[in-house]
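S.K.: Take a look at the letters that make up each chain.
Number of protein chains: 2
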Amino acid sequence: MLPEPIKIFSEIFSKLPSIGPRQAQRLAYQIIGLGKARIKELADSIDALSDVKTCQNCFSIHFSGPTNENLCSICRDPKRLKNIIAIVEKETDLISLEKTRKYNGKYLVIGDLQKTGSLESEQKLRLGVLKKLIQKELGGKADEIIIATNPNTYGDLNASMLTNELKDFTKKITRLGRGIPTGGEIEFADEETLGSALERRI
Amino acid sequence: MLPEPIKIFSEIFSKLPSIGPRQAQRLAYQIIGLGKARIKELADSIDALSDVKTCQNCFSIHFSGPTNENLCSICRDPKRLKNIIAIVEKETDLISLEKTRKYNGKYLVIGDLQKTGSLESEQKLRLGVLKKLIQKELGGKADEIIIATNPNTYGDLNASMLTNELKDFTKKITRLGRGIPTGGEIEFADEETLGSALERRI
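These protein sequence lines map, in sequence, to chains A and B. Numbering follows the numbering used here, with no gaps: position 40 of the first sequence is 40. Numbering follows the numbering used here, with no gaps: position 66 of the second sequence is 268.
Derived by calculation from the structure, the hints in this document are not laboratory data. Careful, some of the hints might be misleading.
No more than 16 Å apart at the CA atoms, straight line, and that leaves these computed lysine to aspartate or glutamate pairs for EDC-like [said to hold, decoys possible]:
1. B:238 - A:47
2. A:40 - B:213
3. A:7 - B:243
4. B:242 - A:51
5. B:238 - A:143
6. B:238 - A:44
7. B:292 - B:322
8. B:301 - B:243
9. A:40 - B:246
10. A:99 - A:4
11. B:326 - B:367
12. A:53 - B:206
13. A:36 - B:253
14. A:7 - B:322
15. B:369 - B:393
16. B:284 - B:339
17. A:40 - B:339
18. B:217 - A:190
19. A:40 - B:367
20. A:7 - B:253
21. A:36 - B:246
22. B:374 - B:345
23. A:172 - A:143
24. B:209 - A:190
25. B:209 - A:143
26. B:242 - A:41
27. A:40 - B:393
28. B:242 - A:187
29. A:7 - B:339
30. A:15 - B:345
31. A:82 - A:143
32. B:209 - A:44
33. B:242 - A:47
34. B:242 - A:44
35. A:102 - A:41
36. B:255 - A:4
37. B:209 - A:41
38. A:36 - B:393
Using the sequences provided together with the hints, build the complete structure.
M.R.: See the structure below:
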C-alpha cells in the first residue's frame, strides 16, 4: 500500500528509540513536502553525522573539523578543573549541565545505564579509562566525583553501583541536589533548577 | 557548544512540523549511535523520498519505480468505482481509510485545510482537477462525494465550505459517520471504528 521509498524510510527510521512507526510515516510525507532541494539538504545533514568523533577521555561526541583531534573541547580546555568529574548517562545531560554555566570540571559520558544496576562491557571500558586517567593525572584520587544520574529509582540504583565502583578513586562522591523534581529527568529540567541542583549538590 | 554537524542536523530537522528542537537533538545522538553504515542507509532512505510522484488525478503520493506512470495504483485500478470520491486532507488519512478495506471508490487528497475555511491556491487547483474529471468521465455528476475531513470544529467548517464548492458536481454529499469520537483525528482512529464510520456514513 505505502509507496516503496516511504516504506523503506519508515522501517529504518522507526527503529530509532524516539520515533514510532506512525511518526516515521508522517515524517516521510512531511519530508516529501519539502521538495527535492531540501530533501537533499536533510539527507546530507544526516550523512555528516558520520563525521563526529568520540572523545577518548570523556566519551562525549565532538566535531573537530578537518584536524585530527581525539579530545573534545572540554577535555582540551586548560581552564577546566581536572580533579572534579561529573558522570552523566547521556550527551544531552552533559549539554544541559553545560548550559547552566555553573560547572567547571570534566565529564564522563557513560551511556544509558541498565535498569538492573549492572554495567555493559562498553560502560566498564569507559569507567576503566576514567580510573586510569585518575591514576595517571591525579595521583590516584580525584577531589570529587559527581554522579549525575537521574533522580529516580533506577538512577538511585545505578548511583550506588557507581559509588561502589569509584569510591577508591575519589576523596568525595556527590550527587546532584534534589532541586530537580524526584521522578523527573535531567534532560527536561530548566537551566535554573539544574543550576541550583549543581550548587546544592549533596 | 553543540558539535557543528549536530547543530546543522537539528536546525534542519526541527523545521519539520512534527519534530521539536529537543527531539531533533536527541535524534542526532541516536543516529550517531547507529554507526557509519546505518547512518548512510538512513541518509539514502531520505534521498530516495525525492523519487516519489504526485498522482495527477487524486494528488496522492505514489512510487512507480523506473516506469513513467503519472497515476497512482488506485486511480489506475479498473475495479475501483469512479463515481464515488472521498476527499481527504492528508495522505495518512487515505492510508487509514484504505486499511479498513471497506472503501472501493477513488480519492482526492486536498492537503491540510486552513482553520479559516478558505482554500489555498494549490487546493483550488486540486478541486479544479476533480471537477474537470467529473465533467469528462462522469458526465458532470458523481454519484457520491464523501467529505472525509476530521470530525472537529475546523473539519466541520471546511466540510461545509467543500460542500458549497462541490454540490453541483455530485448527486449526494456525505461525511464519515460519527463513530469516531468527536474532537479526535482520523489518523489515530483504530481500523474497526473507522470501518464502521465508513459503513454508517451520514
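S.K.: Against the structure shown, which of the earlier numbered hints fail to hold, in ascending order?
M.R.: 5, 8, 10, 14, 15, 17, 18, 19, 24, 25, 27, 28, 29, 30, 35 and 38
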